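Peer 1: Residues per chain are reported as follows:
2 protein chains.
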Amino acid sequence: MKIVIALGGNALLREGEEPTYANQMSNLGRAARQIAAVARNPSNMLLITHGNGPQVGEELLRNEYARAKVPMLPMHILNAETQASIGSMITSVLSGEFRKMGIRRNVATVLTHSVVDAADPAFRHPTKPVGPFYTRAQLAAELKRRHFSYVEERGMFRRVVPSPVPASVLEIPSITAMLSAGTVVIASGGGGIPVIAKGASYQGVNAVIDKDRTAQLMANAVKADTMAILTDVDGLYSEYPKRKSIIKHISMAELERMLPSLEEGTMRPKAEACVRFIRRGGSSAFIGNLSQVSRILASRAGTLITR
Amino acid sequence: MKIVIALGGNALLREGEEPTYANQMSNLGRAARQIAAVARNPSNMLLITHGNGPQVGEELLRNEYARAKVPMLPMHILNAETQASIGSMITSVLSGEFRKMGIRRNVATVLTHSVVDAADPAFRHPTKPVGPFYTRAQLAAELKRRHFSYVEERGMFRRVVPSPVPASVLEIPSITAMLSAGTVVIASGGGGIPVIAKGASYQGVNAVIDKDRTAQLMANAVKADTMAILTDVDGLYSEYPKRKSIIKHISMAELERMLPSLEEGTMRPKAEACVRFIRRGGSSAFIGNLSQVSRILASRAGTLITR
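First to last, the sequence lines map onto chains C and U.
Positions in the first sequence are counted from 1; adding 97 to them yields the numbering used here.
Positions in the second sequence are counted from 1; adding 97 to them yields the numbering used here.
For reference, chain C alone in the conformation it holds in the complex (with noise of 0.2 Å):
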């Protein structure tokens, strides 16, 4: 079986968790243990993808503090590093884990590319917060020394970017090759590195783009079997939060009717990105637990969405 597994911000940190590289490697064991024991079966492909919010957040502060005397990179750039320095991490305490449990297999990051289209309509209208919150003075202050376009959220401001769709993944070929090659790959942290074509050339845009929509453009790309998008939450409910109300198997089509009355930011992409995922050739995919991946996998915990 071909795999993608997109995993949630909780992979990396718990809700109120500084950002520390100590309290991610330790988060990072929890994912790993889970994954392992998938990646236990050799003939499983895996292909790992994750978001990088709290992480390129910091990366925007350290630029922002230090811009007086350290020119600061573009945001597309921003997300890059977060691609290494998770992608990083996640090598590291992986093939520990593969190492404790005998499993001979590699495990490597491969930094991508997300070609978007310059005449997304997203480019028009940013929706994406990102970075540091502003008082209205300081919003005043930024304004009068860069244009940038925000959202008040709770009495404070916050600086928005688009967030278009992404079309293709440009180092699909070598994401196929490693999974051939039994490599474990991670990939598209953060949905990738925005890019627009421009020309003969590819150039990086300031924009975020959504890692769910970019995890089913890569599944569907490398022709996986099947998705698993993980998060904190135990699955889709029909009457959230009651526990009984969990959704054990939905088809593709009942939970596109049911897209309107899921949660915009959170369960809304997800379950798009299934329903998507499916429509182009995936057999199925999973909502649901993190801590639950292998369980999810053989159908007995999550949410499974099938034709």
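Since the hints were made in silico from the structure, they are not lab data.
What you are looking at is a predicted structure, and each value in this text was computed from that prediction instead of being measured.
Take the hints with a grain of salt, since some may be wrong.
[As the list claims (entries may be wrong)] Below 30 Å or equal to it, Euclidean Cα-Cα: the simulated BS3-like pairs (lysine-lysine) are:
1. 99/U / 295/U
2. 166/U / 225/U
3. 166/U / 241/C
4. 197/C / 99/C
5. 99/U / 241/U
6. 295/C / 197/U
7. 241/C / 345/C
8. 166/U / 225/C
9. 225/U / 166/C
10. 166/C / 99/U
11. 345/C / 320/C
12. 166/C / 241/U
13. 197/C / 295/U
14. 295/U / 225/U
15. 225/C / 241/C
16. 197/U / 225/U
17. 99/C / 345/C
[To be verified] In silico contact screen, one side only, chain C against chain U (beta carbon under 10 Å); selected entries:
18. 156
19. 205
20. 283
21. 355
22. 356
23. 357
24. 358
25. 362
Every residue gets a Cβ at the ideal spot worked out from N, C-alpha and C, and that includes glycine.
Dock chain U against chain C, hints included.
Peer 2: Frame of chain C, contents of chain U only:
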């Protein structure tokens, strides 16, 4: 031919330039055109590595300046970040050049870890200067906060970290698979993320690995035919900087005898890497100017080293 190209710092920045994104993208054009001329021949497999001195220095500064508000990342994670930031820049510029020239090849960066021995004597004798220059008073203040080794440079003080010898690169199987798929691979920037084996696991360490040494290690591991170390000097000189004294061809044994006369921080590690590469099975190595890559590989410029 399987070719390893080690790009010197001048591929990204010229003497005295600030490491901004714009400067680096603009400088990379030159290296990209040179590399594209080699990649045009589809039987040439290409593995590219590069320095990261100024870039990792800036990351360290961002971490230092922001440390009151954002937790600092360990040094080896900063190496990871620069592998990605520089890898993404090279990928964009080189892919663009390929498209312009009608070369249908993929370019991808794989994040790499260099395994070092925890007993390496370098850990007891740190020698590699990193990060900001401190005055005597600043140094005293820093040393109250945390312990580190330092050296004096022109009346100022600088932190030094160990520069251990890399024993292996964890991601060689992925690099091999990608090269076989025809991808131009970028790997091990700044010498790679230094890790030591600790129990069953790998652990990042506070060190900086010589990039030419890692280039040689990868070149032998992927069984490269040739390795080209590119810099801003036209080659090895018998009487530097007399133009006419440039050495066009030298044997591994002759070069080995010449090593003690070469400058420690610059030409000597490059020459050592060439000697070691050939001793361990490589056919030829080159040291030369970045602006002459294709001429160098045709033995029409630079210094050729053979058995």
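Peer 1: If a hint holds in the structure, say so; if it does not, say that too.
Peer 2: Hints versus structure:
1. Distance restraint check for residue 99/U and residue 295/U: the Cα-Cα separation of roughly 34 Å exceeds the 30 Å cut-off, and the hinted pair is therefore not satisfied.
2. Proposed proximity of residue 166/U and residue 225/U is supported: the alpha carbons are some 28 Å apart, at most 30 Å.
3. Among the hinted pairs, residue 166/U with residue 241/C is consistent with the structure: their alpha-carbon atoms are about 24 Å apart, no more than 30 Å.
4. Proposed proximity of residue 197/C and residue 99/C is supported: the alpha carbons are some 24 Å apart, at most 30 Å.
5. Straight-line distance between C-alpha atoms of residue 99/U and residue 241/U comes to about 51 Å, which puts the hinted pair past the 30 Å bound.
6. Under the criterion of a C-alpha separation no larger than 30 Å, the hint pairing residue 295/C with residue 197/U is consistent with the structure, at around 11 Å.
7. The suggested pairing of residue 241/C with residue 345/C is violated, with an alpha-carbon distance near 52 Å, which exceeds 30 Å.
8. Our distance criterion of 30 Å between C-alpha atoms is met by residue 166/U and residue 225/C, whose separation comes to about 23 Å.
9. Between residue 225/U and residue 166/C the alpha-carbon distance is near 23 Å, which keeps this suggested pair within the 30 Å criterion.
10. As the CA atoms of residue 166/C and residue 99/U are separated by approximately 42 Å, the hinted pair breaks the 30 Å bound.
11. Between residue 345/C and residue 320/C the alpha-carbon distance is near 24 Å, which keeps this suggested pair within the 30 Å criterion.
12. Taking the CA atoms of residue 166/C and residue 241/U, the gap is about 24 Å. The hint holds against a cut of 30 Å.
13. Distance hint between residue 197/C and residue 295/U is fulfilled; the C-alpha atoms sit about 11 Å from each other, no more than 30 Å.
14. Straight-line distance between C-alpha atoms of residue 295/U and residue 225/U comes to about 24 Å, which keeps the hinted pair within the 30 Å bound.
15. Taken as a hint, the residue 225/C and residue 241/C pair is honoured in the structure, with Cα atoms around 22 Å apart against an allowance of 30 Å.
16. Taking the CA atoms of residue 197/U and residue 225/U, the gap is near 40 Å; set against the 30 Å cutoff, the hint is violated.
17. Between residue 99/C and residue 345/C the CA atoms are separated by roughly 22 Å; this keeps the pair inside 30 Å, and the hint holds.
18. Interface hint at residue 156/C: satisfied, since its Cβ lies 8 Å from the closest Cβ of chain U, which is below the 10 Å cut-off.
19. Annotation: residue 205/C was flagged as interfacial toward chain U, and the flag holds, the nearest CB pair being 4 Å apart, inside 10 Å.
20. Restraint check, residue 283/C versus chain U: the minimum CB separation of about 8 Å is within 10 Å; hint holds.
21. For residue 355/C, the suggested interface contact is broken, since its CB lies about 38 Å from the closest CB of chain U, more than 10 Å.
22. At a threshold of 10 Å, the smallest CB-CB gap from residue 356/C to chain U is about 34 Å, leaving the interface hint violated.
23. The interface hint given for residue 357/C is broken, as the beta carbon of that residue sits about 37 Å from the closest beta carbon of chain U, more than 10 Å.
24. Look at residue 358/C: its Cβ only gets to about 38 Å from chain U, farther than 10 Å, so that hint breaks.
25. Here the hint on residue 362/C is broken, as its CB sits about 24 Å from the closest CB of chain U, past 10 Å.
In this structure, the hints that do not hold are numbers 1, 5, 7, 10, 16, 21, 22, 23, 24, 25, in rising order.
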